[in-house]
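Start from the sequences, fold in the hints, and give me the full structure.
If you're matching positions, the sequence shown starts at 1 in this note's numbering and goes up one per residue.
No wet-lab data here; the hints were simulated from the structure. Just so it is clear, CB atoms sit at the ideal spot from N, CA and C, and this is done for glycine as well. Don't take each hint at face value.
[As the list claims (entries may be wrong)] Below are the EDC-like pairs computed for lysine to aspartate or glutamate, each with C-alpha atoms no more than 16 Å apart in a straight line:
| no. | residue 1 | residue 2 |
| --- | --- | --- |
| 1 | K111 | D123 |
| 2 | K107 | D123 |
| 3 | K61 | E101 |
[Said to hold, decoys possible] Cβ-Cβ distance ranges computed for the label pairs, FRET-style:
| no. | residue 1 | residue 2 | range |
| --- | --- | --- | --- |
| 4 | P13 | Q114 | 25 to 33 Å |
| 5 | D73 | G97 | 17 to 25 Å |
| 6 | Q30 | Q96 | 20 to 28 Å |
| 7 | P80 | Q126 | 17 to 25 Å |
| 8 | Q62 | E104 | 33 to 41 Å |
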Amino acid sequence: MSRSQGAGSAPTPEAIATLEEGLTLRSQSQPIEAYAAFEQAIRFSPGYAEAYVAKAGLLFKQGRSIEAIAAYDQALSLNPHLAAAYLGKGQALARQGKRPESREFLKSARKTLQANGHPHQADIIQHLLPGL
Numbered sequence: 001m002s003r004s005q006g007a008g009s010a011p012t013p014e015a016i017a018t019l020e021e022g023l024t025l026r027s028q029s030q031p032i033e034a035y036a037a038f039e040q041a042i043r044f045s046p047g048y049a050e051a052y053v054a055k056a057g058l059l060f061k062q063g064r065s066i067e068a069i070a071a072y073d074q075a076l077s078l079n080p081h082l083a084a085a086y087l088g089k090g091q092a093l094a095r096q097g098k099r100p101e102s103r104e105f106l107k108s109a110r111k112t113l114q115a116n117g118h119p120h121q122a123d124i125i126q127h128l129l130p131g132l
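As structure tokens, then:
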């Protein structure tokens with residue numbers, strides 16, 4: 001498979017393996033190495049929305065909300081049905097004090113989870129909304 005796949009194409013096996021490696025590194029508290037793995041997964045498959053979500057989550061955890069939001073936006077441009085991207089962007093916006101915008105993204109996460117058959121997770125998000 002080509003290393004230069006675009007939006008809408010399936011991720012390469014290399015991209016999937018590299019994302020999994022990055023997730024393992026993140027869970028082992030190795031953020032620099034995890035970030036490098038997420039970036040490599042994106043290079044392998046530029047249309048791999050889940051890799052952008054992983055990168056964004058790491059940036060958010062590091063307090064880099066602006067960069068996280070940009071990565072969540074990229075993920076959503078590639079896959080508008082990715083609840084994790086809506087949820088993450090909503091949390092990053094809340095951290096910035098942008099509560100109305102945050103609520104909208106959390107509502108989108110909730111709707112996406114419901115549409116994908118995850119009502120329990122959607123209910124959890126519903127409980128976050130009154131605090132915003």
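Original post:
Which of the listed hints are broken here?
Top reply: Hints 3 and 8 are the ones this structure does not satisfy, whereas the remaining hints hold.
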